[in-house]
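Given the coordinates of chain A, assemble chains B, C and D onto it according to the supplied hints.
Protein chains in written order, with the numbering used here: chain A, 1279 to 1671; chain B, 8 to 308; chain C, 27 to 239; chain D, 343 to 521.
Check the hints yourself; a few may be wrong.
In silico lysine-lysine, DSS-like type, Cα no more than 27 Å apart, as pairs [what the hints assert, rightly or not]:
#1 K346(D) x K1533(A)
#2 K490(D) x K226(C)
#3 K490(D) x K222(C)
#4 K1307(A) x K37(C)
#5 K1339(A) x K33(C)
#6 K266(B) x K1485(A)
#7 K37(C) x K1310(A)
#8 K33(C) x K1310(A)
FYI, nobody ran anything at the bench for these hints, they're computed from the structure.
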Amino acid sequence: MMDMFPPDRSQYPAKKADGTLDIDLTSGKYLKLWQGPNHPGITGNMSVELTVCGDEVVEGKTHVGYLHRGFEKLMERRTFIQVFPIVCRVCVPEPDFNEYCYAACVEELAGIEVPEMAQWIRTLILEMGRINSYMMYLGGQAGALGQGVIGQWTTYARDLMLDRFEELTGARIYHMFILPGGVRDTLPEGFQQRMEETLREIESTLKDVYDVMFCNAVFKARTVGMGVIDPSWLEPYGVTGPNARAASVAKDVRKDAPYLVYDQLDFEPVIGHDSDIYTRADVRRRDIWVSVDLIRQILAKMPKDGAVMAPIPNVLHWQIPRGETYIRGECSRGEYGYYLVTDGSGYPRRINVRGPSYTHAMALLERMIVGINISDVAALMVSLHTYPPEIER
Amino acid sequence: MDFDWMKIPYAFLTVFIVVNYGFLMTALIQKIGARAGRRYGIPIWQNYIDMIKNYSLRSSITHGVMFYLGPVFRLSGGVGLLLFVPTIYGSYMFSNFSFAGDLILALYFVFFGTLGMALGAGESGHPHAAIGVSRGLSQVSMAELPFAMAVFSVALQYQTLSVTDIVAAQQGGMLHWTLFTNPIAVTAAMLSFLGSMMRPPFDVVIAPQEIPIGPPTEYHSSYLAVMQTNRAIFPVAKIVIYMNLFFGGATGWPELFLKVFLLYLFSAFVGVCFPRFRVEQSVRWFLVWAVPLGILSIMVV
Amino acid sequence: MKPELMKRMVKGPDGLEFEVEPLRDYYCEAPPTVMPAAYGKIVEDLFNWARSESIWILGFGTGCGAIEMRPLMTPRFDAYRYGVQWRPTPRQANLFIISGYLSTKTLKRAIRAYEQMQNPKYVIGLGSCTINGGMYWDSYNTIKRLDDYLPVDLYIAGCMPRPEALLAGFMDLKKLIRAGNGEGANQYAENFAWYKENQKRVIHDWDMPDYNW
Amino acid sequence: MAMKELYARLKALFPLGELTEQRKDLAFVTVPAEHLRATILHLRDKEGFTHLVLLTAVDWLEEGRFQLTYLLNNRQRACDIGLRVMIPRDAATMEGIHDIWPTAATYQRELREMFGIDFPGSPRIEEDFILEGWNDIPPYRRDFDTLKYAQENYSERPGRVTHDPETHMRLQLYPGSKP
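One chain only, chain A, in its complex shape (with noise of 0.2 Å):
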């Protein structure tokens, strides 16, 4: 099944037919490069080794695990309720969905029934966590290719939607709102209004870039027809979200499973066809529009009020029998799951966190990174939204 992708070197280091070395670095017809950690072309704080023979990369291996921290050991070591305030340290740009997915598994393991109300309140925090996540993809794939003010607007964007979550939650980044049993609290007095506010304006942003980056000649001609995933790779290197989106593949976990009250929401997930960097970055712009429908709808559709938090044990002393499960979520950048095993005592036995990255920086990138040219490393690995911290924990 491996060579069903040719050329594909994921069997370090390559052997020609006759046992010698496909990729002779003694010959000096190659240079090996590595792109990262300390380069501004890389998404977060991991490395790219690339082998280039003139200008063309003829094999990428990705280095991971300059961010970890043993989070699935120490999570093991704290009690339910001590866990809750780490797990958003797991990904940065979009904290909320370890928060819910943590959340979620202990819930039905413990056999809580979480309110209405939270339930709506969760939903909109996933969905402006997300805008975010987009608004730093817009600005960052525009400055792969060297086209800063993308980012400055987009930047400025998500400012704006930074103040919301602190009005709501109290806090900028780690937001820690989502608790096993429901969310810390409910709306703040006029949040309607100010979010309004807020949505005009990024629609307004949303507009300038598109005039700029996406109706601009120059990149469209860095993007069009490059980095391209074949629809067969889609199942054997498990691509999920806006990637598989791009390649005409309905896959939103939203629709395909809906959890949360996104069964009472009406959207329809995004598609592209073509599924080149520039089409992955159009399916993630007009995701964007998805998500401000979705606050809108849900902020009108939302009861005015309701109990957001279900009684829960002591925590001092909250145990929860023998049992594992796996709840999954579609994030940004593709599906993002917990699974948790419980042995009965008052620890988690186990939590594995899968994050989308982790198929997608690893064995597709380093699949798709063979014959491009090397300006475009840095262009593709943003195309693919990766984030380090969710492949390494």
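Relative to chain A, chains B, C and D alone:
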């Protein structure tokens, strides 16, 4: 003819004025670019501070003789370019060492700095620097081609190789400028001007997201300061040539400042809102758009 | 140790064989020396003022703190106004912001990046995890106190610190430099053996020269 | 019930353990190690479970076993099945599935490094994945004490105090109260 020694202090005066003007102008351009990103931008005197800071760094390491000479070549390229063309038309003080054949010399000096930079950066031994040098040489040589053609057509048009005469021929009203008498050549030259200003879409040489940051990767403290000084002189000197050839020169410092600023702003405006070409794309772009215009301009004249 | 770092025989393009030992040949490992201050008090004060007014950050996001760097450089909190800029290469940077926890794997890269910066150079520890481990006080892969391994000029507490806190930190750093206390590089050179000992106790596969310019 | 029917079909082919139905769209079933490959191929090709969600391990130290969990997802029917494989804890080795899903090689590298479970023939299995120069037992094993390791290797900054949460909260809420 006997050499007029008085020209030397005047030439130094010219360099001094141009350096300060260059610092302030690049800072102003950066501020304008920052406004496009809704930012306030750097202070106007930031470049001076950066230069003092870089000169004041205590340690500096070398990679060999050529590593020293790279920035020196670059600076001498900028200064030489400035010194051998008449900065102010008709002024004895600021016409510098311009002589009959200085157009050819200017063409050479435009390229000189890049070559020296390539030698120096090559010796630094950093792979990114090597990649940047290879990209830079291919792109700059491609960008110089239409400029050379435009210069030839202008020289043919005015039947002279002396910048002073060319400026003299353009005096007396805007309509005498080459911009209006030979628009095709000017267009070709301005396209190559975009390519040689190291701004997007033609800044793949120093592309920070790909090869941070190209040839100057290894340069630091004093070397970098020398290159900063040149970064202030070289654009002004180059623009002075463009101005003399195509935009009727300048009869006084205010006019020079204004024209140089506008010309620089032109490249900055293009640079703010474009991503960068890959190197082969930019080469192809020059081949498709600029070079035919250059050839055409020679044909027309 | 990686194979490309081993001592090996290389055949040149002209056909003759020569031995290459990367750790010796590719780096100069002369230990750092204490660089005296400039000529006179007035000159040194001028230089310190210039250094404090043009701070060039090394663009190396070592942890989650890097996420707040981007708002710092963009319209809301425009740090360019204070002479703060990015530099993508350590050669031209003066300030190294350790943005958050350092795993041992990153510590190795951070040390190399720090040693390639030019004297005088400054280090800011960002976030509680650089002060005492913070959230990861019992993690097996992150260092607990940064100043054992690099000379830290300033700590900014918080998880994570807001951009306002970063700006305030820059202001304090400027005061430090103007007062002539930003001597981290010389401190590193003086206690070089001690720092190296600490670093090697944590980094188990040390496959680089002791000091690389 | 979809899961029950699926389980019945599988049971006819392979000697499976009992079925644990967690949700109506998520079930876990125990598979003998030697039948794992055939089961996975059958699920992927016949039953449409084409998406490998995750592959991870659970360390049951008391029972001296590792539990490998292969979680497969069927998008059309929107249901997941988790295959549990119990392997002995000492000299733990398992057959890789990187030729069925190339991305599984990454999971196997992590398991090899973090749990010390060997997958012979998996690409780059020998390389360091996350850790660098690790000189202790694999860190995700239950008998590895991360706190002890941290205190031995990294110097603590003095001044960190830890409270027993129960007494601390009681003194916070009811000052001066007795346990």
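| query | Of the numbered hints stated previously, which ones are contradicted by the structure, given in increasing order? | reply | 6
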